[in-house]
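Protein chains in written order, with the working numbering: chain A, 1 to 128; chain B, 1001 to 1219; chain C, 2001 to 2425; chain D, 3001 to 3542.
Read the hints as simulated data drawn from the structure, not as lab findings.
Don't take every hint at face value.
Below, in silico cross-link-like pairs of lysine to any residue (SDA-like), each with a Cα-Cα straight-line distance of 25 Å or less [stated by the list, open to error]:
1) 1058/B x 118/A
2) 3497/D x 1065/B
3) 3074/D x 2062/C
4) 3046/D x 3030/D
5) 2123/C x 2160/C
6) 2034/C x 2349/C
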Amino acid sequence: MNGCIVAFCCEHSAYPAADLAGKLRLHYPENLRVIRVPCAGQVDVIHILKAFENGAAAVLVLGCEDGACHHISGNTRAKERVKYCNMLLKEVGVDGRPVAMFNLSPNAPHKFVRAVNEITKIKKESGR
Amino acid sequence: MIIAERKPMEEIRQMIAPYKKLLLAGCATCVAVCWAGGEKEVGILASQLRLDQSKGRKKISVLEATVERQCEKEMVEELRDKVQEVDAVLSLACGSGVQTMAEMFEDKPVFPAVNTTFIGMPEREGLWVEMCGACGDCFLDRTGGICPVVRCAKGLLNGPCGGTRKGGKCEIDPEKDCAWVLIYRRLEKQDRLDLMRQYYTPRNFRAVKRPGRIQAVKA
Amino acid sequence: MGNNDVLVVGSGISGIISALELANAGVNVYLLEKEAVVGGHSASFCCKATNVCSKCSACVVPDKIREAVINPRIRLLTNSTIKKLSGELGNFRVEITQQPRYIDVEKCIACGLCTEVCPADPKAVYPPTVEATPFCYILNEVLCLRFKGEKCDICRENCPTRAIEFELKPKEQELSVGAIIVATGFDVFDARKKGSLGYGRYANVLTGLDLEQIFTREGYLRLPVSGEEPHNIAFIQCVGSRDEDHDYCSQVCCKYAMKLAGLIKYQSPDTKVTIFYIDLQTAGKGFAQFYEEYKESIWFVRGVPVEILQTASGELEVRFENISQGKVCRDTFDLVVLSVGISPGKNSWGLARILGINLADDGFFDTKDSLSSNETNVDGIFLAGTCQGPKDIPDSVAHGIAAASKTIQALGGVASQRRGNQRGH
Amino acid sequence: METKIGIFLCNCGEAIRNIDFAATKEEVAQIPGVTCVNLSSNLCLKEGKEKMISCIKKENIDRVVVAACSPDFKEHFFRQVLESAGLNGHLFSMANIREQCSWAHEGDVTVKAVEVIKMAVNRARLLQPVKKKKFPVNREVLVFGGGFAAINAALQLSRVGLRTTLLEREAILGSETVELGSLCGFDISSMMSEVEGDENIEILTSAEVTAAAGKIGGFTVRIRKGGEEISHKYGAVVLATGYQTKLALEPELKSDINIVSQEKLCRMLEDPNLEIRPRTIGFMFDFSDENSRLSTLATLNNALAAKQKWDSEIYVFCKSVKVDGPGAEKLYREARDCGVVFLKCEARPRITADNGRVKIEAKDVFLGEDTILACDLLVAEELLLPSEGTEALSSLLNIRRDSRGFYQDENVHLYPVASEKKGIFFVGGCRGDLDLSRVLTDVSSVVVSVYELLSSGNILTEVEKVKADPQKCVACLTCIRVCPHDAIQLVRVDGGKEVAEVFDLACDACGVCAAICPAKAIKFRAYRDEEILAQIEAIGES
């Protein structure tokens, strides 16, 4: 159990936002591991489940703002998948909605940090 | 195409409770197309089982494999080595596939992970609707190509029942269309409404004696 | 055969888009910028998304800047201005002056050592803003001890890549280009000119641009002095638009004010937001729906107040005519935001003289005829973006692409032969 | 063959201070497959680049990992470095140890840095090269419509050397543009004769499309004209089908002759034989539809013209005057100076027929009282609607429309004039309420976009970045249904089985199809499951 948070970051939005957060020296928990993806819609259910198999404490899927996806609906699909994953995890006794989806734009570093903090809080509450 | 959906986790859990090592066998034909038992779904279920943290759950190891058609003995044969390695098989194929598997590997318990539900078609991405009940006595010539046996909630051959809701919806489930309204409209288009006036005697839905067996004429 | 290179003057969103579009079509571009960083005004705008994207387009800008900076066909000339122009379509000669920036853009890796060791107070060498491109440190001549005659050499010695060089003079160079796109943008209306609104006197009177920058920097809104969350905010529209001196609508203020108001409401739903307006400019894709959504939660008041006074307790008193009640009302707010408009660039007149292009009555560059908004009175000089008249980001983008299109058409599509390739990922 | 991975660490001129590079170097050198680890402080400068190239060549490295700043920043640069060292640029992975590691946390982050590098190495090991290929494209363009936007688009396309077909449903071009011309001061007839005389432009009137297939560079379109059907190939398609207006009136008033449209008023103004000049004219706009930029302009122009020609008394009822277009505020001022009265009301005025006149009852917000006006002529409020056939054409071409039925979804800032489907563009009124100068801007934008795509006759693009494995594909059509760019189609392989094929030119490499494929048949190079899982596996190893 490594207790990391895995964040799948869309290269159009969340990834540059994370970079900007670094440039602004906005600090967030060190156990965040970012995987860069071309679109939040590219993140498959199995990627998320595998992160948990590997001991992740929580998974973040970060995509473009609703209505601003470069691929029209990749972010809304991701949101559905995140919901589905939480259901799948609940079925096997992993409670507390450890997968979360957030929407942000590339120039919203604060929102990125807020997302990371929020999932950290969720994780703490469920005691994982 | 055969449509199936995954069984509730609790049911699967009970079936496999005694076993430590499992093979998850998918089928890349019908159940793959309906997102129930293809390679992707095998991966998801396997991952779920490995993650299972429910009470009293012991760690199990899970192998994954998917064959082209699980209802073909020759294709299932490919799995022999893998089956030897495990205590039990969890099949994500339709009932026919599960039975093929069970027959091929008689010494291993084979369990179904999906419920085979109906023969249907995709209405849109991710939604399937029932079209055929495999009754063995096709009636579609008289109903404009719409099957009242499965698409009418009451299975009426002489509909509609009189309870049709506004907008042509079924009285039992307002989400669904009344099959007989659909039939009327279709026949109207084809100018064959006279068929609506005919009376059909109740039918024996077991036209094919169970278990069904069909021999194609040998060429 | 004439020259097919193009000079784009100004690297705001329109200029960048023009340059990118030309480069993608196989044309070599000089992108001239008078400041040290590219991007212009739009690079500093904040994202105004609530739970959905509000289509403010601010996020397009950094993306396009990045694309332009790495494009091999675009040569960026920062700190540069045009001195002289001669020639004609297909064969312009442009003399430009490049002010030294003392830190080599190619070499600076933004490590920050120079700032650390700089003995001046305040520091004479410092990082650019976070969103700046190129992300190269800035050496301020006014603050630097060396330029004051001292023998300081500390930053130069400490620079790991030897990027700092003091002995630099302004560089003159002549460019040969086939056509010129002017994309010098706009100036934000100086709200101090409307003295009765108290901008610059009262700390809690801000402009829309200030608000954008607060959101960019902090991510949420706090009062400038007390640092507290404002609970009662007023937006005043048409500050520097649609008045005696500005015979036009700035086209962006209603949009940004409403979107910022929406963002404030989203972040803190209990905050009261009032918008004082003349006419709401809700045309444009998706914006009418946006208005419909907010018209219940934001108080829209017709009529623009002319005076703001600060009360003894530090609140801002706004007097306005309440039309529905038929009397003059006064209301107090913790924060008043002036929706400042788009004014023509201060340097437009000088540039117009150098280039020989006309200015319209309102101070923006004039077009050849009223419909084709890219062409000037000089063949081969085109306009892109807000230097021609107010535009929002999507319109500026479209206008920038259109300017590139007109340029290519004017150059006779000769570029096609030289076209290598593009459109990869 | 065993992969040889080279790791290049960069401390960004010591800007990365909370990572122990010596320890990092030592640790990452242990990762299986890593041939060499280099530490540099200026990898992105000339010296760094040269060192990198020589190292790649010397050590025979076939996968490169750079641990430095953000890939957003320098990935492109390092890919070029790889190319100049003779490696495929895609055999490259970056570990962001600056923005998302060193700068994002306080204190020593060596452990995280090592892990981030391990993730990149694990990914790099599995990467495959991506090749580029030139695809030939058809250099002809099909423009739908025959109005102002369509004619201008055809003329400009022809000017950049692209052959253009204008396809108009009506019998003549520009039938609805004539009034517009007189209103806005341009001469449509000279434009039309220019189009007709242009050898590069083919005009098909009374024609319509019955079927369309294919993708960018080769849309096959079936056109019916005069009972005959032809099939033709076009490289790109431009939609300029315009809009239509509808009077927003209470149904019982519709037949009243004293209520007219802006267009009718235009014609009345032009008519030298008009018998009775209306003495009082009312105008209405901006009540039922917020998108009233065009009705505002029409009202201002027509009100001024009526004032000048007939010297009528003019009252304009509206909620807001939409002046967010070039010159609109000036027109508004001019109209007020001429004595046109503007009455702003929150609610839509009540209109009744009154003895041959039109009675307007409104509550003016400034006067605060009810105003009753009887006028000789009411120019009614107009609603802007997509032109007829918009829906049919959009489903034929498989493109989305916005909530009001116009082309182009609301994603305008990403695609100002382009559709989500590559090679299909929109101009003018068919995508929203645009004034003429905006329409012309659209036209020019589209022309350059089309020019970039088609001018050279071929497009160089990366191939098989996203690919469906024909062996695994079960032809379930899921990917075809979900592809946002309509880039996937079914094809027959070896004359037998039907499988999905990703069309490289149309694909935008988002990976939505790869994630959803129930048979796991679609592989998205560089983001395959293997590569993602390899990254996940590296997490928490240290």
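Verification of the hints:
1. 1058/B x 118/A: 32 Å, violated
2. 3497/D x 1065/B: Within the cut-off at roughly 23 Å; holds.
3. 3074/D x 2062/C: 15 Å, holds
4. 3046/D x 3030/D: Status violated; Cα separation ~29 Å.
5. 2123/C x 2160/C: With Cα atoms ~19 Å apart, residue 2123/C and residue 2160/C stay inside 25 Å; holds.
6. 2034/C x 2349/C: 15 Å, holds
Hint violations for this structure: numbers 1, 4, all remaining hints satisfied.
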